[in-house]
Amino acid sequence: MDAGLLGQFVVNGMMLGMMYALVAVGFTLFFGVLDVIKFSHGDVLMVGTFAGFSTYLGISALGIDNAFVQLIGVLVAAVCSMAFLGAVIARYLVLPLKSAPPLNVLLITLMLGTVLRETVRLFYPDGSNPKPFPYLLPTDSWAFGSFTLRADSMILLLGGLLVIVGVHILINKTKMGLAMRAVAQDEETAKCMGINFTLIVLLTFALGSGVAAFAGVMNGLYYNEINFGMGLLLGVIGFSAAIIGGLGNIYGAILGGFLFAGLQTIGAVALPFSSAYKDVFAFSVVIALMVWRPTGLIAEKSSERV
Amino acid sequence: MTDKSMDMLIGFVAIVLGTVFLITFVAIESQIEILGLIVLTAIAVVVSARMGISTRISEAFASNEPLMNSAMLLATLVVAFWFREDHFPLLMIATVLLYLTACLGLNMQFGYTGVVNFAGAGFFGVGCYTAAVLNQHTAVPHLLVVVLGGVIAALVGSILILPVLRTRGHYAAVVTIAFGIMFKTFLEVNDTLGGPQGLKVPGMEILGWSFNSNIEIGAEIELSFYLNYVAIGLALAVLAFILTRRIERSWVGLSLDAVRLDETAAACFGVNIKRWKITAFTLGNFLIGMAGAVFAMMLGFIAPTNFAFGDSLILVSIVLLGGMGSPWGTVIAAGLVILLPEKLQAIQEYRFLLYAIVVILILLFRPQGLLPRGLRTYVPGWRG
Amino acid sequence: MTKGHDKVLAFRGLTKRFGGVVALDHFDMEVDEGQIVGLIGPNGSGKTTSFNVLTGIYAANGGEVELLGQNITNWTAQKVCEAGVARTFQRSRLCVELSIFDNIMIGNHQHLNHGLMFNIFQRKAFRRQMEESFEAAHELMAIFDPPLAGRMLEAVGTFGMIDRRRIEICRALISHPRLLLLDEPSAGMTEDETRQLMDDILVVRERINGLSIVLVEHEMGMIERVTDRCVVLNFGQKICEGTYREVASDKLVQEAYLGVE
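Residue numbers (the working numbering), protein chains in the order written: chain G, 30 to 335; chain L, 7 to 390; chain P, 15 to 275.
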């Protein structure tokens, strides 16, 4: 294994880590605010990516060829539409089941994910086949021996980093973020303090979903391909990452995302005979981790009053 | 006419109507007729619910349980007999019975104990592949293979047990989902188990009686070989049903409910949470595995695509649709979920979407399911 | 009813921290066999926390819990129950979907046969045990709430808060515990209902030899009437102990409840 190839793996791993981290952040936000696991998250990501793709098709059809404009259009469409969808899901599926056993919310969002997935598969034109995602980023690359550094990788990494930093600032330095954290800590007290609980919940779901849509577009730009099933695996990975990092903890989620990507990379490097085994390997380690430290590497917040 | 005989009459009439419906539904081919029948039945069900007839029927069933159970069994035999020479209807009926067995296992896990299992199809698959491998390469008697299918599934489940034991449901959820995905991926990349093309499974054979050859009686009558599988499917389903009933109506069932409803309080009264979660999870997987083993032998061929996450969700939907913790509800739901898409070819393609929507509606508007679980009666009819 | 002088319960230097908050601060307390001890103190003083540490729901950060001479510190909830401790909860924790009988039987868990063989295959024997248990539960329920005793097979969800409180107490008493922990049992009750409740508990105490009770309450009339001794907690520390009279006239206690002028 020469350094160039290794470097390739590393960059690839970091890209994956970034995407998983973004998805995991969503999961952890939802859990923090409402104590719910929104299983449809991965599929919301997928819908967002398709929304972005459709926007691209629309913009191109209008004759606009500028890649930068297309990129902005795609991102805005994906993020905003998914923010909206996230809020709608919160309002009509999650909030009504607040007093039901938590199992029900888990199940309903799981089913919703299936609905989203199947809807795209069945009703999007030629939905069951993968679609080529356009090359909207500069395709320059620099070669250092056997190691090729792609410009788009750098841009994507930077973009992801900016989003993570943005979320961090939003949560920790703004009033809205403060309200989110208050609601996550203690719903009743937050309400007593005049925080509009429903609004904050909707905003949190919108935020998480928007971030996921961004991750989806990243995924599309990096692999230049999207398909209706991409959300399922990403969702499970994001969820596992969020759990490893300790549900409710944003930094844990980010850590978990990169950890999972690292495991996949190690698996791909160490078990070269089949790339699919990398998933088996990564999930096995995740399951083992959950056996060892079930509440995550950083402890999950516990809110039960006895 | 005494109250008791009135009850029995009502119960019998209901069962006869149900049997007639089932036979008609399975027999007719024309899509329009099927749709018509469904609409008619749906209307009848809604009307009878409004008029209180369905409550009356459930009361009739509840007060004469042993009799009604036998009548249901008889009805199933009648239906099987009606289609004795047709392959496809019998295949469907056998499938319903096997899925029912698996869902009763699933019900034990999350209907009673609250342990989520999103790898139901995975454990079913473990049973299938056990049967495939043992039948192909060993001379283990096939009835034992069925049991082993269950045992291996239970053993595989015990690997997952530690995270499953954790308090919060989402750990069990993510672990079982991850396992399900891993299992399918593992099967696909692994050529020793057939890879993506799958494996052939030799059919069942007990003491020389081959389950895979039609039954000839005299010179004129040839019964479909699927009748054999209906028989064993029915045996498994009855076994699973009785097991479920007896466990629910006992201190074990009470402990399982206590674990699901309030772990902390239950622990303070001495309930060993771990023990019951392990028991329910293992027993449930055992049933699922056995059903899988028979299923594989019946189909003659299995492939990883049968055991995807979506299939696990179907199993979960059946339990939810019927009513968590309600065995008869599971029976009805299994019938609906398996038979409807087979008969209404038009919706075959859309079935995952439809199931998901139906479950969402159920969770929002009628979370107790079609046949809600009632209060525990340790001994049927006992009033204290 | 003999009042032995054996200690049934002792807290020695019991300490419990939640992050930065010290809920119990070297808390000492003793309960003699057959006594009814009142545990009082302002809200948040650590009373329920001491119950939770005792019953194994929380792990202690320091100190010891001794039950009938055994060190049970950090035992699991199940083992504490087997040692003879039963409790009620401040926020009613019944399974509302289940029947009254079911709920009480959860309390009787350690005396029931849970073997799979027994429950699945030995149905006649099971039926006998079930009927016996029903008798016992019925008798107990009849003491606290006769109308409820005739409705044992109905779901708990059908009943109001006061009835549920009584069901919870029956659940705690069915296993004939050595030590009963009552956490604000009279909350929400009228004076008459409270008096009735304590009378009923005293009746049961007569029947169960050696039953000791720790009673957390805010209703001082009940404390005065029923307890042999009181222990006052404030910010996790014991600030006073003695009979109710002594404790009520103690300056520190008055300050804790009413503040300093």
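Hints were generated in silico from the structure; no laboratory data involved.
Treat each hint with caution, since some may be false.
Below, computed lysine-lysine pairings styled on DSSO-like, alpha-carbon distance capped at 30 Å [to be verified]:
#1 Lys-265(P) - Lys-93(P)
#2 Lys-280(L) - Lys-252(P)
#3 Lys-10(L) - Lys-93(P)
Negatives, chain P to chain L, calculated, CB over 12 Å [as the list claims (entries may be wrong)]:
#4 Asp-39
#5 Gly-164
#6 Glu-182
#7 Glu-198
#8 Glu-207
#9 Val-217
#10 Met-236
By construction, the Cβ of each residue, glycine as well, lies at the ideal position given by its N, Cα and C atoms.
Tested hints:
no.: 1; hint: Lys-265(P) - Lys-93(P); result: 40 Å, violated
no.: 2; hint: Lys-280(L) - Lys-252(P); result: 37 Å, violated
no.: 3; hint: Lys-10(L) - Lys-93(P); result: 48 Å, violated
no.: 4; hint: Asp-39; result: 24 Å, holds
no.: 5; hint: Gly-164; result: 9 Å, violated
no.: 6; hint: Glu-182; result: 9 Å, violated
no.: 7; hint: Glu-198; result: 16 Å, holds
no.: 8; hint: Glu-207; result: 23 Å, holds
no.: 9; hint: Val-217; result: 22 Å, holds
no.: 10; hint: Met-236; result: 23 Å, holds
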